[in-house]
Amino acid sequence: MNILNTKSVILFAFHICNIISGLLCQEVLAGVVAIVSKEAVQHQGITLTMEGIVNLQLSSKSVGVFEAFYNSVKPIQLITSNIEVVKQGKVPGGKTEIPFEFPLHTKGNKVLYETYHGVFVNIQYTLRCDMKRSLLAKDLSKTCEFMVHCLPQKAKLQPTPVDFTITPETLQNVRERSLLPKFLIRGHLDATNCVITKPLTGELVVESSDVAIKSIELQLVRVETCGCAEGYARDATEIQNIQIAEGDVCHSLPIPIYMVFPRLFTCPTLETINFKVGEFTCNKYKSNSATVCGLPMADRCDSLFLCRV
Amino acid sequence: MAAVQWHSRARRYESELQSCGLEVAPVEFSDYHPLKSITVTDSKSRRGARKGSTSSSSSSSSSVAPDPLSSMLDGTDPLSMFAAASASESPPTLSQSSSTGDLGRGKRREKEDEVGVDFEPWSSKRGEILARFTTTEKLSINLFMGSEKGKAPSLASSAVSEKVRTRLEELDDLEEGSQRELLNLSQQDYVNRIEELNQSLKEAWASDQKVKALKIVIQCSKLLSDTAVIQFYPSKFVLITDILDTFGRLVYERIWSMCSDPHPSPDSFTADEVNDTAKETCLNWFFKIASIRELIPRLYVEVALLKCNRFLTKCGIQETVPRLTAMIRGIGDPLVAVYARAYLCRIGMEVAPHLKDSLNKNFFDLLGTFRQIHGDSVQNQLVLQRVEIPVYLTLYSPAIHWILQCVSYRAPEALLTEMMERCKKLGNNALLLNSVMWAFRAEFIATRATDFIGMIKDCDEAGFPQHLLFGSLGRSLACADPPEAERLPILNEAWKVITKVRSPQDYINCAEIWVEFTCRHFTKREVNTVLSDIIKHMTPDRAFEDAYPQLQSVIRKILTYFHDFSVLFSMERFLPFMDMFQKDSVRVGVCLSIMDVFIKHQQEPTRDPVILNALLHVCKTMHDSVNALTLEDEKRSLALLINGFIRMVSFGRDFEQQLSFCVEARATFCNLEPLNLFFNHFVVTVNQLAMETRRVMRGSHSRKTAAFVRACAAYSFITIPSLTSIFSRLNLYLLSGQVALANQCLSQADAFLKAAVSVLPEVPRSISIEGKLRSSEGFLLDFINNFLSALLVVPDHPEAGVLFLVRGLLNMVQDYTWEDNSDAKVHVYISALPLLAAMSQESYLYSIPKVDSNETLYGGDPKFLAEINKLCETLIGQVLDHLKTLGRDESIHRQGSLAFSLFGCLLAHGDLRNNKLNQLAVNLWNLSHKQGYCNTRTSVRTLEFIKHQAQQPDMVHLSDVLHRLTLQSRT
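Same order as they appear, the protein sequences are chains E and X.
Take the first sequence: its letters are residues 1 to 309, numbered as in my numbering.
Take the second sequence: its letters are residues 1 to 971, numbered as in my numbering.
Think of the hints as simulated: they come from the structure by calculation, not from any bench.
Quantities reported herein were computed from a predicted structural model and do not represent experimental measurements.
Any given hint could turn out to be false.
DSS-like mimics (lysine-lysine), calculated; alpha carbons at most 30 Å apart, straight line [unchecked claim]:
no.: 1; chain 1: E; residue 1: Lys-132; chain 2: E; residue 2: Lys-182
no.: 2; chain 1: X; residue 1: Lys-356; chain 2: X; residue 2: Lys-307
no.: 3; chain 1: X; residue 1: Lys-583; chain 2: X; residue 2: Lys-500
no.: 4; chain 1: X; residue 1: Lys-279; chain 2: X; residue 2: Lys-356
no.: 5; chain 1: X; residue 1: Lys-222; chain 2: E; residue 2: Lys-214
no.: 6; chain 1: X; residue 1: Lys-361; chain 2: E; residue 2: Lys-198
no.: 7; chain 1: X; residue 1: Lys-536; chain 2: X; residue 2: Lys-457
no.: 8; chain 1: X; residue 1: Lys-536; chain 2: E; residue 2: Lys-214
no.: 9; chain 1: X; residue 1: Lys-356; chain 2: E; residue 2: Lys-198
no.: 10; chain 1: X; residue 1: Lys-361; chain 2: E; residue 2: Lys-214
no.: 11; chain 1: E; residue 1: Lys-198; chain 2: X; residue 2: Lys-314
no.: 12; chain 1: X; residue 1: Lys-916; chain 2: X; residue 2: Lys-825
no.: 13; chain 1: E; residue 1: Lys-182; chain 2: E; residue 2: Lys-214
no.: 14; chain 1: X; residue 1: Lys-425; chain 2: X; residue 2: Lys-536
no.: 15; chain 1: E; residue 1: Lys-87; chain 2: E; residue 2: Lys-74
no.: 16; chain 1: X; residue 1: Lys-125; chain 2: X; residue 2: Lys-279
no.: 17; chain 1: E; residue 1: Lys-198; chain 2: E; residue 2: Lys-214
no.: 18; chain 1: X; residue 1: Lys-850; chain 2: E; residue 2: Lys-198
no.: 19; chain 1: X; residue 1: Lys-583; chain 2: X; residue 2: Lys-524
no.: 20; chain 1: X; residue 1: Lys-635; chain 2: X; residue 2: Lys-600
no.: 21; chain 1: E; residue 1: Lys-38; chain 2: E; residue 2: Lys-87
no.: 22; chain 1: X; residue 1: Lys-288; chain 2: E; residue 2: Lys-198
no.: 23; chain 1: X; residue 1: Lys-825; chain 2: X; residue 2: Lys-870
no.: 24; chain 1: X; residue 1: Lys-870; chain 2: E; residue 2: Lys-142
no.: 25; chain 1: X; residue 1: Lys-222; chain 2: E; residue 2: Lys-198
no.: 26; chain 1: X; residue 1: Lys-288; chain 2: E; residue 2: Lys-142
no.: 27; chain 1: X; residue 1: Lys-754; chain 2: X; residue 2: Lys-600
no.: 28; chain 1: E; residue 1: Lys-198; chain 2: X; residue 2: Lys-210
no.: 29; chain 1: X; residue 1: Lys-425; chain 2: X; residue 2: Lys-457
no.: 30; chain 1: E; residue 1: Lys-198; chain 2: X; residue 2: Lys-754
no.: 31; chain 1: X; residue 1: Lys-210; chain 2: E; residue 2: Lys-142
no.: 32; chain 1: X; residue 1: Lys-307; chain 2: X; residue 2: Lys-210
no.: 33; chain 1: X; residue 1: Lys-754; chain 2: E; residue 2: Lys-214
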């Protein structure tokens, strides 16, 4: 992360040691501020600001368009902290590195939530470094996001396997059930309480089908719920869609279900007063040949509980 | 110059020989000999001394000097030391980790699991598949470069890092206008497009556009889900997996380069040694791949990156391979699935050859989905594409072969048996059966050959073509032997089916394979039957024209097993079989291979008329193929082969037949440019014949043998002029002349020698030797000297003048256009002097039994002697004239040496009691020493020689001469 100030050629950067792998709550955020310049730099002080914010956005689907536009919920601040790294003075020419450490202490009884980028809910942690300068020169500023992972759960996760059957009768989004071809798909998921770093696994068997199957897909959907004055807004968005069978697969042969949870777009199921992330669900699509029925058929299945172990 | 008078010195050759005879010095074998191998027994101690000081070593060294090389190396050279070291230990790469016993053993066991050289690599299959599965139909490539957008929801947050942003932009660039569908591509276009993609993958990677590279790979592997133009699918698979391989390698190398400092050893590192950055990058790749929407690209790309699992966890590969194996079950199209399995097996074998279980799992899964092949969706597709079932089934072969090859590689017998049983249980298993026969060990197949034949017969006729099954069986039987008793029934059963194959192409493909089995185990009778069957099938409608490669391979196979040519040519059908090769180039190729084998395996000369006739025919075919366009090298190799054949022909003591063979051969092979080879050989052979005859007749010919010998001479006389090389002609003339003379054919000898003399003026001044132009002078001088010494025994022709051959030769020498500024002519003159001197002796140095030389003809007639002397004087006059012209500065050196050689000649052959000669000799000595160019050592030796000679009673006059000769250096 560099800023190149063209006039005085100051390379102003900072580097956080543990940015990539993510930070557990209660860990210490550590890094260096680096200033590279040919000449000495006069400044009014260098400060570091750390901030953790939950941004909530109302969906236009659940409330009106205008409300969605105006009534965006006030962001919730989780953590904020400010340190002056260097007092007003001069940084000598060449490369200067100033190490820093930040303890992640929350304000009051607030809890640090895991970093998450959703459509309607965003939990984001940033670290900003500012160099204030005299009136004539521009202030230099640099921002960087860092990831926070919540603490692993103490309790041991109970695997909760679930069996499912898909037939024309179980489908939800069809109108004329009589037009559907007959088919029977059985399967099971190994667990609905999933560890976020481990894949979702299971098996699926096509027992019978009147028409040739074109494709079987696995859809991961997340549900975000925001609370506001008017009530709750609940929205589901697709995160990932993975094909597990292509073409007319062999009948009565188990086909594996396997999906890796994408990083960044998923987080452990979270429920607070103001918002709720989670209730991930897994849908199974079955697309039959287009001539028989125009739309793909979907079977909504099971809500998953994600956690970190 | 008439002032010079020549008198030859009288010689007594015998006494001279005795006095000159070298003393026989007994050789002591214990003595040091430079070429004797040195056995240094005490090299150790001496070496130490050498290190200490050189002086001590020289004082201590005995008569046997130590060889510096061997003493340095202490008996063994570094290379063999390394070899010995590596042979005793495990290979160097493993030696590091094998320090602890347990670990080492584990490694070694792993080593056994690895793929050895006996595993046929994919690269060898690759070309075969590309050549076999082709199409003339139009193909299409459908590339949606931007279709991955859906799976990556936009990162529209405020803090997207710059890197991510540039990547997204890159992504956008690709999307714009990158969705294209290329229709109506011919196969070649298609291949080119794929190759272009491969290039752009490499370029993208090199320019750090990793996202683009991944996209290209995903798009390519997506093409594999498309089974339009199904005949081309195997080739498409090969082309696209090439790209995947490239990609896999690039990613692996990149992550590998991130683990630098310290580099773990490339073969045996563990995940613990990999640093975090590398791990994170690797993990990133896997996350990216895991989110690929479509099944087939996800599968293929993950397989391509299988090796990278080693960076993450120790047993990553072990866990991934079974998962991928199960994932393939999701592929509905059986053909696509089976190729995906083949790819997984291939990468699996490369990365983790010890994971046999998942290979087996793959195969059993394949068996489980086998019924899909006959499912409705496949049938519908085939109808749509108008592809026959047998053709469709053969598309599976490469993949199933490969899977089975991986599975059966070093697999225990029990497993193979189990697999076979499983295959048997499936209905219509011809396809599997075929692959089993291809991939399993040949020995395994061979011992059960009869069972297999039974199974093949049970197969459905409409499915997989039976002749292919028999072809596969034959291939196994060609490598391994079935039980002795079953061989004939096997051949009979197999041939019963093969002979019923309708299409000549299918027939010959299958028959070609079985020829090997037949040749291997049976006699010429069976092979002959097989040949006649092939002829019967291939002759109608000139079907053989399309099957030359197979027919050629039949011949090759027969030749590898039948080295005895008398057996080979006694097969009735062999020559008719040869007649099927009617295209010239093919025919010549076959002839070449026959001659090759003949020359390689024929140990002793033959006179078998069958072989000779057939091979003469074969050679004639080769010879007749030569035309103006034939390359020089080809001609040379043809000539070598023909020559090899001619050399192998010997009729023993039947000289006449040998001569007539030579005549016939000469008539046959008159077209080939490097004729020198044969004709040289012919002439030499014929001369040998003549000499052999003479030996048999003990020197005195009967009338019959005399006529034969004259016929030989005539043959040579006729043959020689066809030779192109002038020097071979000259030498052969001389040789033949000598042989004729030895056989008392005087007039023939005269004719040969005269011919040689008459050819002399044609000698060019420079000839090309091995492509370089060289002056011919040296060769010519050599020849003339040789010729001169032969002339001594040639008697003068009664009708021609005295010494007419010598005169003729000298005249030719005079008229020959020598090189400018050359002394060659004078050298000839000087060397003619000893001949003339020898001729004037009472009894000659050598003579030919039963041939009267000039000594007896003239009996020392003074007129004859005078003639000789006159000739000598002329020669000396010429030499002196030449010496005078050499008086100028630059040629003084030459003048000196010429004068000295003339002096030597006078000294050896002239009678120096004659004052004039004596004076001339002294003058020449002075002349040669005047300029000081003379070699002093030679001069001193000469003086010593004269001194030595002068001690003999009749040589006293030499001491006078000695007084007058002064050495310049001494004065």
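Each hint, compared with the structure:
Restraint check for E/Lys-132 and E/Lys-182: the C-alpha separation of about 71 Å exceeds 30 Å, so the hint is violated. Distance check on the hinted pair: X/Lys-356 and X/Lys-307 sit about 16 Å apart at the alpha-carbon level, within 30 Å; holds. Straight-line distance between C-alpha atoms of X/Lys-583 and X/Lys-500 comes to about 27 Å, which keeps the hinted pair within the 30 Å bound. Between X/Lys-279 and X/Lys-356 the alpha-carbon distance is near 27 Å, which keeps this suggested pair within the 30 Å criterion.
In summary, the hint linking X/Lys-222 to E/Lys-214 is supported, as the alpha carbons are separated by about 16 Å, within the 30 Å threshold. At most 30 Å may separate the alpha-carbon atoms for a hinted pair to count; X/Lys-361 and E/Lys-198 meet this at roughly 24 Å. Of the pairs offered as hints, the one joining X/Lys-536 and X/Lys-457 holds, with about 24 Å between alpha carbons and a cut-off of 30 Å not exceeded. Taking the CA atoms of X/Lys-536 and E/Lys-214, the gap is near 52 Å; set against the 30 Å cutoff, the hint is violated.
Distance restraint check for X/Lys-356 and E/Lys-198: the Cα-Cα separation of roughly 26 Å lies within the 30 Å cut-off, and the hinted pair is therefore satisfied. Proposed proximity of X/Lys-361 and E/Lys-214 is supported: the alpha carbons are some 25 Å apart, at most 30 Å. This hinted pair checks out: E/Lys-198 and X/Lys-314 have alpha carbons roughly 17 Å apart, not beyond 30 Å. For the given pair, X/Lys-916 sits about 24 Å from X/Lys-825 by alpha-carbon distance, which is consistent with the 30 Å threshold.
Using a Cα cut-off of 30 Å, the hinted pair E/Lys-182 and E/Lys-214 holds, with the two alpha carbons roughly 15 Å apart. Taken as a hint, the X/Lys-425 and X/Lys-536 pair is broken in the structure, with Cα atoms around 39 Å apart against an allowance of 30 Å. Distance hint between E/Lys-87 and E/Lys-74 is unfulfilled; the C-alpha atoms sit about 34 Å from each other, more than 30 Å. For the hint linking X/Lys-125 to X/Lys-279, the alpha-carbon distance of about 35 Å lies beyond 30 Å, and the restraint is violated.
Using a Cα cut-off of 30 Å, the hinted pair E/Lys-198 and E/Lys-214 holds, with the two alpha carbons roughly 28 Å apart. Only pairs whose Cα atoms come within 30 Å are accepted, and X/Lys-850 paired with E/Lys-198 is rejected, the gap being roughly 111 Å. Annotation: proposed proximity of X/Lys-583 to X/Lys-524 holds, straight-line Cα distance about 27 Å (limit 30 Å). A C-alpha spacing of about 19 Å is found between X/Lys-635 and X/Lys-600, which places the hinted pair at or below 30 Å, so the restraint holds.
Between E/Lys-38 and E/Lys-87 the CA atoms are separated by roughly 21 Å; this keeps the pair inside 30 Å, and the hint holds. At roughly 15 Å between alpha-carbon atoms, X/Lys-288 and E/Lys-198 fall within 30 Å of each other, so this suggested pair holds. Simply put, X/Lys-825 and X/Lys-870 have alpha-carbon atoms about 19 Å apart, close enough for the 30 Å limit, and the pair holds. The suggested pairing of X/Lys-870 with E/Lys-142 is violated, with an alpha-carbon distance near 119 Å, which exceeds 30 Å.
Pair hint X/Lys-222 plus E/Lys-198 holds up; C-alpha atoms about 27 Å apart against a cutoff of 30 Å. A hinted pair counts as satisfied when its Cα atoms are at most 30 Å apart, and X/Lys-288 with E/Lys-142 qualifies at roughly 29 Å. Among the hinted pairs, X/Lys-754 with X/Lys-600 is inconsistent with the structure: their alpha-carbon atoms are about 42 Å apart, more than 30 Å. Proposed proximity of E/Lys-198 and X/Lys-210 is supported: the alpha carbons are some 26 Å apart, at most 30 Å.
A C-alpha spacing of about 15 Å is found between X/Lys-425 and X/Lys-457, which places the hinted pair at or below 30 Å, so the restraint holds. For the hint linking E/Lys-198 to X/Lys-754, the alpha-carbon distance of about 104 Å lies beyond 30 Å, and the restraint is violated. For the proposed pair X/Lys-210 and E/Lys-142, the alpha carbon gap of about 27 Å is at most 30 Å, so the pair holds. Distance restraint check for X/Lys-307 and X/Lys-210: the Cα-Cα separation of roughly 18 Å lies within the 30 Å cut-off, and the hinted pair is therefore satisfied.
Of the supplied pair hints, the one linking X/Lys-754 and E/Lys-214 is violated, its CA atoms being roughly 98 Å apart against a limit of 30 Å.
In terms of the numbered hints stated before, the structure departs from hints 1, 8, 14, 15, 16, 18, 24, 27, 30 and 33, listed from lowest to highest.
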